[in-house]
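2 protein chains.
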Amino acid sequence: MINKYSKEALLEGDSNFRRDFVNSLTGFKSLNLIGTRNEKGASNLAPFSQVFHIGASPPLVGILFRPHTVERHTLSNILDTGFFTLNHVHESFYKKAHQTAARYSGSEFEAVGLEEVILDGFYAPFVEISPLKIACSLADHQTIQLNQTVLVIGAIEAVWVDELAVGADGFVDLEKIGTITVTGLDAYHKTQKLARLSYPKPNSEVKEI
Amino acid sequence: MINKYSKEALLEGDSNFRRDFVNSLTGFKSLNLIGTRNEKGASNLAPFSQVFHIGASPPLVGILFRPHTVERHTLSNILDTGFFTLNHVHESFYKKAHQTAARYSGSEFEAVGLEEVILDGFYAPFVEISPLKIACSLADHQTIQLNQTVLVIGAIEAVWVDELAVGADGFVDLEKIGTITVTGLDAYHKTQKLARLSYPKPNSEVKEI
Chain A
759 MINKYSKEAL LEGDSNFRRD FVNSLTGFKS LNLIGTRNEK GASNLAPFSQ
809 VFHIGASPPL VGILFRPHTV ERHTLSNILD TGFFTLNHVH ESFYKKAHQT
859 AARYSGSEFE AVGLEEVILD GFYAPFVEIS PLKIACSLAD HQTIQLNQTV
909 LVIGAIEAVW VDELAVGADG FVDLEKIGTI TVTGLDAYHK TQKLARLSYP
959 KPNSEVKEI
Chain B
759 MINKYSKEAL LEGDSNFRRD FVNSLTGFKS LNLIGTRNEK GASNLAPFSQ
809 VFHIGASPPL VGILFRPHTV ERHTLSNILD TGFFTLNHVH ESFYKKAHQT
859 AARYSGSEFE AVGLEEVILD GFYAPFVEIS PLKIACSLAD HQTIQLNQTV
909 LVIGAIEAVW VDELAVGADG FVDLEKIGTI TVTGLDAYHK TQKLARLSYP
959 KPNSEVKEI
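Chains A and B are the protein sequences, given in the same order.
Converting from the first sequence to the numbering used here requires adding 758 to each position, the first position being numbered 1.
Converting from the second sequence to the numbering used here requires adding 758 to each position, the first position being numbered 1.
What the hints contain is simulated information worked out from the structure, not anything from laboratory work.
Take the hints with a grain of salt, since some may be wrong.
In this list, chains with the same sequence are indistinguishable; a pair is considered to hold if it fits within one copy or across any two.
[Said to hold, decoys possible] When the alpha-carbon atoms are kept at most 30 Å apart in a straight line, the in silico DSS-like pairs for lysine-lysine are as follows:
{"id": "1", "residue 1": "853", "residue 2": "798"}
{"id": "2", "residue 1": "762", "residue 2": "853"}
{"id": "3", "residue 1": "853", "residue 2": "951"}
{"id": "4", "residue 1": "965", "residue 2": "762"}
{"id": "5", "residue 1": "798", "residue 2": "765"}
{"id": "6", "residue 1": "934", "residue 2": "762"}
{"id": "7", "residue 1": "765", "residue 2": "965"}
{"id": "8", "residue 1": "853", "residue 2": "959"}
{"id": "9", "residue 1": "959", "residue 2": "798"}
{"id": "10", "residue 1": "798", "residue 2": "934"}
Model, not experiment: these values are computed from the prediction.
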């Protein structure tokens, strides 16, 4: 039975229901562990589903931060030091990834048992077993006036991934490396490819490639 | 064999490789068909993988638009009229959804054979068979100075979805309604749930819920 959920009903209803419901609406989300250090060198790790593509030339990613949540250490570390890492999450450690969101006083790497690694002397730490790792530097940030969330824009400095997952055309086969996806606040999913489709043109049939 | 792809190598290399590669990096993406009309009433439909959650109170979504691409009709229609719809894509019509990105001169609904529907007199059209439909009004927009992409922020006015897919806690089970996900520019995937996990706390084990 199709139900209509109006803005008015959502705003008048329970705030927990609204939070879970609205977080589900846009669809499947990326899942990345963001690694940072503070200015004293203490490392931090937190899961994010609000990382998205901004552009390829130059390579840019966006992250949307809520202003007053457990993620604030990540945001302040990025703004203070200018560096962070993105680390894809595999089925084998998604429960540890989820657990990094708990309010630990020390390093989440140690608390949940994920090994941290430094690559090429980059300031921010990576998750050693992550199958796709990205080194990013802070390029810009701005506040969304409507709700005070903060959009951080990162410049991609380097990517580490198994070259067997990278096609000649540049496509990275995320299923081959086991990257998973998330819905709502707490649901994790693996995927099964339907197809890649050819570039769409008006008078030609879509083909699987 | 893990390979390092540096920013310098990407910028010096082939632009098509860079576009496909960088579009793959953030992970799995949402897939929505955006329905609009121009000021004369002509309808338009286009696929987007750059729709993301901005906030629940009030319910807001963001869409990132490239400035000079096939999506420009969607952007200009939103800015001109103030309304758009988001429509989740199911396996049964993902090839038609992909094909709406072709440069048609008339309505993509007609061109690819997706029926359009008006709900509650909302100005922008919906995709009749879409399992989750969202009516949005333009709340704000701003240009990302680093690459001139345009961030549109939409206020969620109403959502239509099967109430059997909506949990008592507000979580929407996207697998139950068949929503699919996308990677890179052209790869489509269905999903298989691993688990929902309990709210993470420092001294307690993560549980499946």
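Going through the hints against the structure:
In this assembly of identical chains, the alpha carbons of residue 853 and residue 798 lie at most 30 Å apart only when taken from the same copy (28 Å versus 51 Å across copies). In this assembly of identical chains, residue 762 and residue 853 lie within 30 Å of each other by CA distance solely across copies; the values are 27 Å between and 34 Å within a copy. Proximity of residue 853 and residue 951 under a CA criterion of 30 Å is satisfied in both settings, with 23 Å inside one chain copy and 13 Å between copies. Taking identical chains as interchangeable, the C-alpha atoms of residue 965 and residue 762 are never at most 30 Å apart, the minima being 36 Å within one chain and 32 Å between chains.
In this assembly of identical chains, the alpha carbons of residue 798 and residue 765 lie at most 30 Å apart only when taken from different copies (27 Å versus 45 Å within one copy). Taking the closest pair of Cα atoms, residue 934 and residue 762 come within 30 Å of each other only across two copies (17 Å); inside a single copy the shortest separation is 39 Å, beyond that limit. For the homomeric pair residue 765 and residue 965, neither the shortest alpha-carbon distance inside one copy (40 Å) nor that between copies (32 Å) is at most 30 Å. With identical chains, the CA atoms of residue 853 and residue 959 are at most 30 Å apart between copies only, with a shortest distance of 12 Å across copies and 43 Å within one.
For the identical chains of this complex, residue 959 and residue 798 are inter-copy neighbours only, at 25 Å across copies versus 54 Å inside a copy, given an alpha-carbon limit of 30 Å. Proximity of residue 798 to residue 934 under the C-alpha cut-off of 30 Å is found in neither arrangement, the shortest distances being 37 Å within a copy and 47 Å between copies.
The structure does not agree with the numbered hints 4, 7 and 10 stated previously, though it agrees with the rest.
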